[in-house]
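**Q** The lines below spell out each chain.
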Amino acid sequence: GDSVTQMEGPVTLSEEAFLTINCTYTATGYPSLFWYVQYPGEGLQLLLKATKADDKGSNKGFEATYRKETTSFHLEKGSVQVSDSAVYFCALSDQAGTALIFGKGTTLSVSS
Amino acid sequence: DTEVTQTPKHLVMGMTNKKSLKCEQHMGHRAMYWYKQKAKKPPELMFVYSYEKLSINESVPSRFSPECPNSSLLNLHLHALQPEDSALYLCASSQPGQGAQETQYFGPGTRLLVL
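Chains as they are written, first to last, in this note's numbering: chain V, 20 to 131; chain F, 2 to 116.
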């Protein structure tokens with residue numbers, strides 16, 4: 020079945036450091052790929068998405084490119100801030116669009 | 002506007018209580034979802050409503066009873082819960098019919114504690 024694998028962390032960085040959170044997937048067909056962010060004590064917020072190969076999703080300085088050849092959707096940010104501290108979930112949408120399949124989540128902690 | 006609202010924000014209940022969680026969206030979405038999320042875990046799908054009809058029930062115990070009174074509202078009725086049901090309950094919505102491009106938008110969740 021479809022699945023998502025992401026680095027579990029925790030990832031600990033200093034402010035202004037470069038961030039990469041790896042995400043790879045296994046899926047039949049052509050899923051859409053998502054990054055959701057969950058700040059402490061809150062629900063999930065859609066951070067960015069990509070719906071086809073080579074698409075780049077971007078938002079708030081974060082970027083991820085849908086790479087079909089490597090089945091990856093790595094999240095990057097050039098300069099993290101303390102306010103980016105959160106849990107990041109990579110997810111894919113199955114072909115029917117009814118189910119989101121999540122990775123286990125990566126905790127990011129940024130210190131000043 | 003991509004807002005999904007949920008009430009209450011926090012809920013404490015005993016194992017014999019009956020309570021309800023509420024979710025509302027005004028994006029015109031016709032699919033709504035309930036998820037359960039335990040600490041440090043990803044959300045787990047519980048129920049899916051599509052066009053106000055229950056389309057997916059992920060083998061959830063009958064002490065959880067969903068209801069979709071109209072296209073904007075989704076309720077989750079709780080009865081005789083167990084302490085292990087304590088979790089964050091998330092509601093989400095999406096516009097069905099877009100296949101893999103369907104995007105789910107989540108609410109802030111209700112944090113439930115069962116004593």
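Don't take each hint at face value.
To be verified - Listed below are the simulated DSS-like cross-link pairs for lysine-lysine, each with C-alpha atoms no more than 27 Å apart in a straight line:
no., chain 1, residue 1, chain 2, residue 2
1, V, Lys123, F, Lys39
2, F, Lys20, V, Lys68
3, V, Lys123, F, Lys41
4, V, Lys96, F, Lys10
5, V, Lys79, F, Lys20
6, V, Lys123, F, Lys42
No wet-lab data here; the hints were simulated from the structure.
Being a predicted model, the structure only gives us computed values, none of them experimental.
**Q** Would you list, in rising numerical order, the hints stated earlier that this structure does not obey?
**A** Hints 2, 4 and 5 not satisfied by this model.
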